[in-house]
Amino acid sequence: MSLFIDILSDGLFAAVAAMGFGSISDPPLRAFPYIAILAALGHAARFCLMTLCGVDIVSASLVAAFIIGSGSVYFGKKVACPMTVLYIPALLPMVPGTYAYKTVFSLIMFFQEISSPTKGSGYLQEMIFNGAVSFSVLFMLAVGATVPVFLLRERANSMTRGSRFI
Amino acid sequence: MNTMTDADMTGGQVREITDFIAKYLSYMLGAGVHTSRVVRNSKRIGEALGVDVSVHTSQKTATLTVKEKGGTHMDTMVVDIPAFPISFEWNADLSALSWAAHDKAMTLDEIRAKFDSLVSKPGMNPVFVLFMVSLANASFCRLFGGDMLAMLVTFTATMIGFFTRQHLTKKKVNHYIVFIVSAFVASICASSSLALGIDTAEIALATSVLYLVPGVPLINGLIDITDGHIQIGISRLVNAFMLIVCIAIGMSLTLILVKDSLL
Amino acid sequence: MKEIVWESIAGYNAATWPWQIALAAVAYFLAAVLFFRPCTWAKIAMKVFMVAVSLWIAFVYYMTFGSARDYSNIMTIFWCMMALTWIYDIATHFSSFQRSGRFTAAGIVILFLPLAYPLVSLARGMAFPEMATLLPSSVALFMLGMLMTFNRKINFFAFIFILHWSVIAISKIGAYDLPEDALLAAACIPSMAIFFIRSMNNLTKECKPSIKAVKALILSVTLALTACMVLVLV
Chain V
1 MSLFIDILSD
11 GLFAAVAAMG
21 FGSISDPPLR
31 AFPYIAILAA
41 LGHAARFCLM
51 TLCGVDIVSA
61 SLVAAFIIGS
71 GSVYFGKKVA
81 CPMTVLYIPA
91 LLPMVPGTYA
101 YKTVFSLIMF
111 FQEISSPTKG
121 SGYLQEMIFN
131 GAVSFSVLFM
141 LAVGATVPVF
151 LLRERANSMT
161 RGSRFI
Chain D
1001 MNTMTDADMT
1011 GGQVREITDF
1021 IAKYLSYMLG
1031 AGVHTSRVVR
1041 NSKRIGEALG
1051 VDVSVHTSQK
1061 TATLTVKEKG
1071 GTHMDTMVVD
1081 IPAFPISFEW
1091 NADLSALSWA
1101 AHDKAMTLDE
1111 IRAKFDSLVS
1121 KPGMNPVFVL
1131 FMVSLANASF
1141 CRLFGGDMLA
1151 MLVTFTATMI
1161 GFFTRQHLTK
1171 KKVNHYIVFI
1181 VSAFVASICA
1191 SSSLALGIDT
1201 AEIALATSVL
1211 YLVPGVPLIN
1221 GLIDITDGHI
1231 QIGISRLVNA
1241 FMLIVCIAIG
1251 MSLTLILVKD
1261 SLL
Chain G
2001 MKEIVWESIA
2011 GYNAATWPWQ
2021 IALAAVAYFL
2031 AAVLFFRPCT
2041 WAKIAMKVFM
2051 VAVSLWIAFV
2061 YYMTFGSARD
2071 YSNIMTIFWC
2081 MMALTWIYDI
2091 ATHFSSFQRS
2101 GRFTAAGIVI
2111 LFLPLAYPLV
2121 SLARGMAFPE
2131 MATLLPSSVA
2141 LFMLGMLMTF
2151 NRKINFFAFI
2161 FILHWSVIAI
2171 SKIGAYDLPE
2181 DALLAAACIP
2191 SMAIFFIRSM
2201 NNLTKECKPS
2211 IKAVKALILS
2221 VTLALTACMV
2231 LVLV
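Chains as they are written, first to last, in this note's numbering: chain V, 1 to 166; chain D, 1001 to 1263; chain G, 2001 to 2234.
Just so you know, these hints were derived from the structure itself, not from any lab. A few of these clues could be false.
Selected chain G positions facing chain D (in silico; Cβ < 8 Å) [stated by the list, open to error]: (1) F2195; (2) S2199; (3) N2202.
Here are some chain G residues the structure puts well away from chain D; computed CB gaps all over 10 Å [what the hints assert, rightly or not]: (4) I2004; (5) W2006; (6) F2029; (7) L2034; (8) W2041; (9) K2043; (10) V2048; (11) A2083; (12) I2090; (13) F2103; (14) A2105; (15) A2106; (16) I2108; (17) V2109; (18) A2175; (19) P2209.
Label pairs and their computed distance ranges (CB to CB) [what the hints assert, rightly or not]: (20) D/Q1231 <-> G/S2096: 49 to 59 Å; (21) D/H1175 <-> G/T2204: 50 to 60 Å; (22) V/L151 <-> G/V2230: 46 to 56 Å; (23) D/D1199 <-> G/E2007: 20 to 30 Å; (24) D/D1109 <-> V/R30: 23 to 33 Å; (25) V/I5 <-> G/T2040: 53 to 63 Å; (26) D/K1172 <-> G/A2127: 47 to 57 Å; (27) G/G2174 <-> V/L151: 50 to 60 Å; (28) G/S2100 <-> D/I1230: 55 to 65 Å; (29) G/T2064 <-> D/K1172: 19 to 29 Å; (30) G/G2174 <-> V/F111: 47 to 57 Å; (31) V/L151 <-> G/R2198: 44 to 54 Å; (32) V/I5 <-> G/T2064: 16 to 26 Å.
Here the structure is a predicted model, which means the values were calculated and not measured. Idealized CB from N, CA, C, for every residue including glycine.
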């Protein structure tokens, strides 16, 4: 039961985060509910994969991004928005923020401890570790979401055809 | 000269079409639409107006050649890409416009009128964005495992940072400086949570700058690369990377100031 | 931690009480001038006073007397930023310190709330010098009162910093046994709704979500913040 609540709240907060970060980029108002649904689905899927199945963060992000990308093919036609309008905001909550932060932090600490070989190299190692994770996750997010575009090229490229919103 | 028929255009008409398509694609590129979509849409509008369009894009300018289908008139133009804020609304609407032009056989004047009405739609309310972004960052803090107090601190720290960003952007300050200053302000405010003695203060500090991460150019760059527009994809990535470096600089200032508290 | 904090407050009060009284006198004198006879010199003087009092908190309260406390350097930096917002205000004439005719009564009440700090302490059975006086929160509260009374065009930077401070103050209520700080949060959260909703009314151009929707968002965020703060307290 508590696991269920965890998954639900994970999806809920991811949805709020996606709508918020998305609003910086001026999406059409009609897209907001679908951005929220996609973000919640994707993030909750990643949460489940990581906690229940023990999948690593990189592969889990790839799967979640694929779910978001496929969902945006379906919803995109509905609200006549190009897929990117829906999936880019939905991907934003999965950007690996803490890893990126730790990369910067270790870099700074490496400079501070540059004269001490043991401590300095420890921080350097940490920086490479965190940097590798954050870059891979970011790359997988983009790749996972674009795969549906390649699979369904015709449909993916005619999302806005016959839009009744202009 | 070929024989004049109804279908033939004059040089002036080709020039007008070129002018419009140049404006159309510069607006789309300026608003952060990925390249293959812009090229596809421009060609589609060209198709509707009876011309062939070829486009070459780079980061700050685009070149296009418009050639009359089956005729001899052609026109080439280099346009500057204006730096608009990213707009998904334009992305959706202008794409829909290209399909409407294609399917409904609109004339150039009709397309142009529609275009003008679409790009002058009202933008986002800045206060709305301010609250949404602060909420988003607070939820983000929760996703990373922050507790209630860390969420509250992240909320107000983000509000300060984002308000600074909006204000400086309105004052037309260089955007690298905007990013450094807002990252610094937000992270220094979040770092005050260290003094509260909560366990998750570092999460608040880490999350407080994430509203600045240029997620859209990053993903657009990768999409461009996978679509084969490798040059512009790389330039977008480099651009986004520069902004990330700016965030890192702003946050490093904070970290250096408070680092004794973090160890 | 709690003992260190109260010791530092006692030392601060014992050493600087004449200065504190002088600062408070200047504050209320300038506020009275602005209220009854608004003029440019009083406006500038008030902003300079805001800078001075922020720096006072940063350097006298935190750096000198609070140096035994953990992380006092961060608080010093924070209050220097607060001073910066007012310096920026002086430089760009960001706020006008003019009354708008609305919420003046609420503003005056908030303006006098800092005086309640020592009274609450006395009521709790504390004795000088170990009592709440010219503390960061009471300074923040005075600034908030000024913004609320003279709210035609306010310094939003300073306001959001005060809002941030109220969040920090909430956590201090339990940690340092300082219930006086609840006054700041109680005044700050409704002010947030008032200021932002009022700023909606002088939007120059049409914007996307309707004004009504934005106001609803502001109100619900206000409620959510209140709920979070109450949850943190209990």
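Here is what the structure says about each hint:
1. About 10 Å separates the beta-carbon of G/F2195 from the nearest beta-carbon of chain D, more than 8 Å, and the hint is not met.
2. The interface hint given for G/S2199 holds, since its Cβ lies 6 Å from the closest Cβ of chain D, which is under the 8 Å cut-off.
3. Among the interface hints, the one on G/N2202 is violated; its C-beta lies about 11 Å from the nearest C-beta in chain D, farther than the 8 Å criterion.
4. Interface exclusion of G/I2004 from chain D stands, the closest Cβ pair being 12 Å apart, more than 10 Å.
5. Its beta-carbon lying about 16 Å from the closest one in chain D, G/W2006 satisfies the requirement of being farther than 10 Å from that chain.
6. For G/F2029, the non-interface assignment is confirmed: its Cβ lies about 30 Å from the closest Cβ of chain D, beyond the 10 Å cut-off.
7. With a least CB separation of 25 Å from chain D, G/L2034 remains clear of the 10 Å interface cut-off, as annotated.
8. Against the 10 Å criterion, G/W2041 stays outside the reach of chain D, whose nearest CB is about 27 Å from its own CB.
9. For G/K2043, the requirement that its beta carbon stay farther than 10 Å from each beta carbon of chain D is met, with the minimum near 21 Å.
10. Against the 10 Å criterion, G/V2048 stays outside the reach of chain D, whose nearest CB is about 22 Å from its own CB.
11. Under the 10 Å C-beta cut-off, the non-interface status given to G/A2083 relative to chain D holds; the minimum distance is some 13 Å.
12. Distance check on G/I2090: its Cβ is at least 16 Å (rounded) from any Cβ of chain D, clearing the 10 Å threshold; non-interface status holds.
13. Remark: the non-interface label on G/F2103 is consistent with the geometry, its nearest Cβ contact in chain D lying 18 Å away (cut-off 10 Å).
14. Even its closest Cβ contact with chain D, about 25 Å, leaves G/A2105 beyond 10 Å, as expected for a residue assigned away from the interface.
15. With 10 Å as the threshold on Cβ separation, the claim that G/A2106 sits away from chain D holds: the shortest Cβ distance comes to roughly 21 Å.
16. Against the 10 Å criterion, G/I2108 stays outside the reach of chain D, whose nearest CB is about 26 Å from its own CB.
17. The Cβ of G/V2109 lies farther than 10 Å from every Cβ of chain D, with a closest approach of about 23 Å, so its non-interface assignment holds.
18. The beta carbon of G/A2175 sits about 6 Å from the closest Cβ of chain D, which is not more than 10 Å, so the claim that it is off the interface is violated.
19. Not every CB of chain D is more than 10 Å from the CB of G/P2209 (nearest about 5 Å), against its label as outside the interface.
20. For the pair D/Q1231 and G/S2096, the beta carbons lie near 51 Å from each other, so the given range of 49 to 59 Å is met.
21. Between D/H1175 and G/T2204 the C-beta distance comes to about 23 Å, which lies outside the given range of 50 to 60 Å.
22. Distance hint check: the CB atoms of V/L151 and G/V2230 are about 50 Å apart, consistent with the given range 46 to 56 Å.
23. Between D/D1199 and G/E2007 the C-beta distance comes to about 25 Å, which sits within the given range of 20 to 30 Å.
24. Between D/D1109 and V/R30 the C-beta distance comes to about 28 Å, which sits within the given range of 23 to 33 Å.
25. The given range of 53 to 63 Å is respected by V/I5 and G/T2040, whose C-beta atoms sit roughly 58 Å from each other.
26. With their beta carbons about 56 Å apart, D/K1172 and G/A2127 fall inside the hinted range of 47 to 57 Å.
27. Take G/G2174 and V/L151: their Cβ atoms lie about 55 Å apart, and the range 50 to 60 Å holds.
28. A beta carbon spacing of about 56 Å between G/S2100 and D/I1230 agrees with the range 55 to 65 Å that was offered as a hint.
29. About 41 Å separates the C-beta atoms of G/T2064 and D/K1172, a value inconsistent with the hinted range of 19 to 29 Å.
30. Remark: the range hint 47 to 57 Å for G/G2174 to V/F111 is contradicted by a beta-carbon distance near 38 Å.
31. Checking the proposed 44 to 54 Å range against V/L151 and G/R2198 shows it holds: the Cβ atoms sit about 51 Å from each other.
32. Roughly 48 Å separates the CB atoms of V/I5 and G/T2064, a value that falls outside the hinted 16 to 26 Å.
Of the numbered hints stated above, those contradicted by the structure are hints 1, 3, 18, 19, 21, 29, 30, 32, listed in ascending order.
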